[in-house]
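Participant: Sequence:
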Amino acid sequence: MNIRNRGALINSLFNGHFQDIARGHFTVRRLERVYGPEQVQALDGSLPPAKR
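Counted the way full-length UniProt numbering counts, the sequence shown spans residues 1 to 52.
Each hint should be verified, as a subset may be incorrect.
Just the calculated beta-carbon pair ranges, DEER-fashion [claimed, not checked]: (1) 18 with 39: 19 to 29 Å; (2) 45 with 10: 31 to 41 Å; (3) 6 with 47: 45 to 55 Å; (4) 31 with 51: 25 to 35 Å; (5) 29 with 2: 14 to 24 Å; (6) 5 with 34: 37 to 47 Å; (7) 48 with 19: 16 to 26 Å; (8) 22 with 45: 19 to 29 Å; (9) 15 with 51: 18 to 28 Å; (10) 1 with 29: 18 to 28 Å.
Honestly, the hints are just simulated from the structure, not real lab data. By construction, the Cβ of each residue, glycine as well, lies at the ideal position given by its N, Cα and C atoms.
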């Protein structure tokens, strides 16, 4: 695997990771608009850790 392929692979992995993070962020923002930030933040502590 040459250096360009490695760079493209790393970029692709980071891009996918940050898209997942953004999706989660905007999901929480939407829930806060619908239910209010206090309710969403109160539930945040009661959720189990995410599976990896």
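Participant: Each of the hints needs a verdict: does it hold here or not?
Facilitator: Right, here's what the structure says about each hint:
1. Restraint check, residue 18 to residue 39: a C-beta distance of roughly 27 Å satisfies the suggested window 19 to 29 Å.
2. Range check, residue 45 to residue 10: about 34 Å between beta-carbon atoms, so the 31 to 41 Å window is met.
3. Distance hint check: the CB atoms of residue 6 and residue 47 are about 36 Å apart, inconsistent with the given range 45 to 55 Å.
4. Take residue 31 and residue 51: their Cβ atoms lie about 20 Å apart, and the range 25 to 35 Å is violated.
5. About 41 Å separates the C-beta atoms of residue 29 and residue 2, a value inconsistent with the hinted range of 14 to 24 Å.
6. Judged by the Cβ atoms, the range 37 to 47 Å given for residue 5 and residue 34 holds: they are separated by roughly 44 Å.
7. At about 23 Å, the beta-carbon gap between residue 48 and residue 19 stays in the expected band of 16 to 26 Å.
8. With their beta carbons about 23 Å apart, residue 22 and residue 45 fall inside the hinted range of 19 to 29 Å.
9. At roughly 22 Å, the beta-carbon separation of residue 15 and residue 51 lies within the given 18 to 28 Å, and the hint holds.
10. Remark: the range hint 18 to 28 Å for residue 1 to residue 29 is contradicted by a beta-carbon distance near 39 Å.
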